[in-house]
Amino acid sequence: AQSVTQPDIHITVSEGASLELRCNYSYGATPYLFWYVQSPGQGLQLLLKYFSGDTLVQGIKGFEAEFKRSQSSFNLRKPSVHWSDAAEYFCAVGAYSSASKIIFGSGTRLSIRP
Amino acid sequence: GAVVSQHPSWVICKSGTSVKIECRSLDFQATTMFWYRQFPKQSLMLMATSNEGSKATYEQGVEKDKFLINHASLTLSTLTVTSAHPEDSSFYICSANTGTEPYEQYFGPGTRLTVT
Numbered sequence: 106a107q108s109v110t111q112p113d114i115h116i117t118v119s120e121g122a123s124l125e126l127r128c129n130y131s132y133g134a135t136p137y138l139f140w141y142v143q144s145p146g147q148g149l150q151l152l153l154k155y156f157s158g159d160t161l162v163q164g165i166k167g168f169e170a171e172f173k174r175s176q177s178s179f180n181l182r183k184p185s186v187h188w189s190d191a192a193e194y195f196c197a198v199g200a201y202s203s204a205s206k207i208i209f210g211s212g213t214r215l216s217i218r219p
Numbered sequence: 222g223a224v225v226s227q228h229p230s231w232v233i234c235k236s237g238t239s240v241k242i243e244c245r246s247l248d249f250q251a252t253t254m255f256w257y258r259q260f261p262k263q264s265l266m267l268m269a270t271s272n273e274g275s276k277a278t279y280e281q282g283v284e285k286d287k288f289l290i291n292h293a294s295l296t297l298s299t300l301t302v303t304s305a306h307p308e309d310s311s312f313y314i315c316s317a318n319t320g321t322e323p324y325e326q327y328f329g330p331g332t333r334l335t336v337t
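First to last, the sequence lines map onto chains W and P.
The letter at position 84 of the first sequence is residue 189 when you use the working numbering, and the numbering goes up by one with no holes.
The letter at position 56 of the second sequence is residue 277 when you use the working numbering, and the numbering goes up by one with no holes.
Okay, chain P solo, but in the shape it has when bound (with noise of 0.2 Å):
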């Protein structure tokens, strides 16, 4: 089945510091990728949707200087948080679609986030 893994899987920043999460399609290539963040005892709330070789749409109140997204190939999106600061810290999943149907969105581990 389709995988997509993440990269780190929990990473610890200092604050004022940024740090890049990788989102990655292992056996198959993803058009259009999704970014989440999940607070503690929260539901995921989507960030942005990447799309391969264009800019990323960011969902509203999410700050696109802050929270970077690069989607340079078919099965690599970058998350990079700039900046950040301890309010940042958050469990960040991605998601990939195949392109193809049944369009089913395959989820990433996640991303744990602590910024001290």
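Chain W on its own, in the form it takes in the complex (with noise of 0.2 Å):
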């Protein structure tokens, strides 16, 4: 069964700071991989997305995503973070198909330290 762990519930960086957000994924096929942000009480918004070709993917808002088979990672990363960032992301792992399912990380709750 697919799963995603997100092992940091909590981060604070300082603004201007340097960002990067684990996600480890279990599937037993190629995945396909996202990161989506949700601020309080909305909903959400996709940020970037994996599938395959570079492993190097690059999203909306500044961020990127590594892809690394071997370690069944997809770590989000930003080089400078902006207070605007403060949200919760979430790491999700679907199929590649028309009627995959997507599971969701339990999220990063991401706070700016001004």
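Calculated from the structure, these hints are not laboratory results.
Certain hints may be false.
Listed below are the simulated DSS-like cross-link pairs for lysine-lysine, each with C-alpha atoms no more than 30 Å apart in a straight line [stated by the list, open to error]:
#1 P/Lys262 / P/Lys287
#2 P/Lys241 / P/Lys276
#3 W/Lys173 / W/Lys154
#4 P/Lys287 / P/Lys276
#5 P/Lys235 / P/Lys276
#6 P/Lys287 / P/Lys241
#7 W/Lys154 / P/Lys235
#8 W/Lys166 / P/Lys262
#9 P/Lys262 / W/Lys173
Anything over 10 Å on all C-beta distances counts as not near chain P; from chain W, calculated [said to hold, decoys possible]:
#10 Pro112
#11 Val118
#12 Glu125
#13 Arg127
#14 Gly133
#15 Gln147
#16 Leu161
#17 Gln163
#18 Gly164
#19 Glu171
#20 Lys173
#21 Ser177
#22 Ser178
#23 Ser185
#24 Trp188
#25 Ser189
All residues carry an ideal CB built from backbone N, CA and C; glycine is no exception.
Mind assembling these two chains? They're in different frames, but the hints should get you there.
Take a look at the structure:
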């Protein structure tokens, strides 16, 4: 069965500092990987996704993620965070198909220190 | 881009009543839609997969008689919470798959249900 682990429940970084959010997945086939962001009381916004090709994926808002098959990881990074990046971040995995369900990790709450 | 809407955005109902939540794909046809539930400060948990014209597939532990899902058309799926209780209070989010590559799921804005 597919699963996603986000080991960090809450991370605080200073504004302007770099960020890395960890994500490990378990999936029996080639995974379709996602990072979503959710502000309090709001819906989900897709930051980036990966299925194949270049293992370094660029997303919106200056985020990027790197797929490492050997480590079953898909960590999210940003070189310099902004106060507006404070939110909940979810890593998710699915299959590359029209009927595939997406399984979410438990989420990492990001706080920004002024 | 593909847009998914939900209605209502928030609803308050009394314990024992039923409430229906609609999920619509506005500019594409969705053969498959998904319903998630999110409790405060928790992740999204998949409740069921909804296929147009057929019965929904429920995840383990989800009561199919309590959470009725209907996917009558390619653009509309509904979730009815029957005999709601305070423990059903949650954020309900739907998503829809375009059915074509890159098979991205588009999420609705969510519906906040409060049962008093």
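Q) Looking at the structure, which of the earlier hints fail to hold? A) 7, 15
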